[in-house]
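If you're matching them up, the sequences are chains A and B in order.
Under my numbering, think of the first position of the first sequence as 1, with each following residue one higher.
Under my numbering, think of the first position of the second sequence as 277, with each following residue one higher.
Read the hints as simulated data drawn from the structure, not as lab findings.
On a predicted model such as this, the values are computed, not experimentally measured, just so you know.
Take the hints with a grain of salt, since some may be wrong.
[To be verified] List time: in silico EDC-like cross-link candidates among lysine to aspartate or glutamate, alpha-carbon distance up to 16 Å:
1. 59/A - 292/B
2. 196/A - 357/B
3. 59/A - 143/A
4. 59/A - 288/B
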Amino acid sequence: MSLLQEPAAPVHPHEHPHDHEHSHDHGDGHAHDHAHPHSHDHGDHHPETIPLEQNLLAKNDLLAARNRGWLEGRGIRAFNVMSSPGAGKTTLLVRTLTDLGDRLRAGVIEGDQETSLDADRIRAVGRPVIQINTGAGCHLDADMLRRGLDALDPETGSTVFIENVGNLVCPALFDLGEAAKVVVVSVTEGDDKPHKYPHMFMAADLVIVNKADLLPYVDFDVDGFRRRTRQINPRTEFLVLSATTGDGLAGWYDWLGGTSSRSSTLTESLTDTLSP
Amino acid sequence: MHELSITQSLIDAVLDRTGERTVTAVNLRVGPLSGVLPDAMRFCFDVASAGTPLEGARLMIDEPRGLARCRSCDDEFELADLILLCHCGSADVEVLRGRELMLLSVEVA
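Bound-form chain B, shown alone (with noise of 0.2 Å):
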């Protein structure tokens, strides 16, 4: 359950810049390759965020799809998982998208 100290870390992150301020949304994106659940983040964000400024804001969590290249084929593929594997059969493949762990925005009344 490291969803809820990244949830915490999240939250001091945006009190940092918000201070006093109530904050009505936080903008996240987080990719299927990035280690870190958005349903677990939600459930999280909720009981971390109670007492705060940000209590009660609504989490978007923009969830893109995993995207990789193969360095053999030259191949385009959506990656749903880190197993790197083209279907080529190298494993020489880069990832090019879907580990995203980002604080986009925050919204302030």
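Chain A with its partners taken away, still in its complex shape (with noise of 0.2 Å):
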């Protein structure tokens, strides 16, 4: 049965010094290993290489699985919203927010390194909010948003908007558990920025070009961004528009209910509409 067996006669004479008494014991049936090759003298402090094959992100990972798990069974939709600062993450929430009223029952994390500023300004729209700050780090992670989570207490069936901590590079590698994730670039911060920071836009499920208002006072080439998008990401679905003048909205509006949201004419209209 073992393939293990030793030779029923060892004909040539080599000695070597430890008897191989050492290890299977055939009884039953299975050879069964000694899963490090060179392991048969008696110390076992002896130096040896521990195979491991993980994904150094495989906790984190594991972690979203669950939020994603726990969202899903709530009926919650989740998208995690990541820009560089500034590009108007939190005017866009306020904004949509405020819009849609009742029409869609939402609560908010923030994260922010500092502050409880952009927390403050979605409390004033009478919305559910918790802020998590983290301090030196520079993106939120899967377990960050679970205690977000138990700490804002979603209902079922209400979206949740993460707005991450503004940075166009660490968010892109850390899974949350979201259902998609937003990418906002403002028109201000030039549209070379896909192959700047290729991770972030890999990992978008929509792109939103914000400040669009500011078109004709700024040097940013719309068709040329969504080209650039497009190389780094061909599937991300793109909206033009503007948060404080309210242009475009409905595009985001119409993705956010889960309409039309496929719908490349939206996006060309809009452009039309708003390109200088």
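Using the supplied hints, reconstruct the complex from the two chains, each of which is provided in its own coordinate frame.
Okay, here's the thing in structure tokens:
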């Protein structure tokens, strides 16, 4: 049965000093293993290599999967909203919550290194909000979201906006368990961002170009930006709007409602309307 | 500087397996398209491992090259960044290699 059996008669008389009675009793049929091949002398403090073969983000990904299951089980949609600082995430959320009023039951989890300024702005429109201060941290991770959800305690069937730390680099790598990632870019930042921060744009389910009311005053090529975004991420959706004036917000509300979000003609027409 | 928190989770993952044993080396594979800078990880590792059984361990990082295949012309080519564009003009490009962010093994004393 055992493939590990010693030869019946060792013909060549090479003497290795240790008797090789070392391991496998063949009693139970299967050759149960010494996991490490060089183990059979009896010190267990010898150097060894332990294979691990795991993704470095495995722990975060596991916690994110738990969050995702928790959210789905309650019919809660969570959107991870990311951008560089000052692109208008909070303004967009405040405007959204104000415009949609009772039509959208939503809470917000705010991530910032310090202060509760953003949470104060959300609270001012009468919505539940939790501020997470990451201190030195440059992104939210799945464990932080877990604690944020515990504190926010969102109701079944509602929407949770997660406003990530303003940063186009680090948040891209950390799955939180959200239903979709939304990346906001403002036209004052320059249209070369997709190539400069490819991980962020590769992760995006929706890319929003904000502050479109400033297009006449800045050198931002919407079509060029869209082309560069598509080179990084061909499947992402695309909206152009101004959270300040309200232009183009209908497309965003449609997307949130899950209607006509796949319509590229919507994006085209918005671009036509908003381009200088 | 997400490398600090990734390095911290690296150390946690190692300690889960090695406990109190002294770790002499850690072997990683970090691809150029992973979003993580090996040099930043080396810097963070010294800081984050201090006072743990990993202190002083060698951090060995295998850095494979990025490799992609064009679904249009079927050519395979090296990919230095995430701009997925084949020389034939197609952007329908599959990343074959380079996004690795793996803890391969550790050596213990």
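Hint by hint, here is what the structure shows:
As the CA atoms of residue 59/A and residue 292/B are separated by approximately 12 Å, the hinted pair is consistent with the 16 Å bound. The suggested pairing of residue 196/A with residue 357/B holds, with an alpha-carbon distance near 10 Å, which does not exceed 16 Å. At most 16 Å may separate the alpha-carbon atoms for a hinted pair to count; residue 59/A and residue 143/A meet this at roughly 10 Å. A C-alpha spacing of about 9 Å is found between residue 59/A and residue 288/B, which places the hinted pair at or below 16 Å, so the restraint holds.
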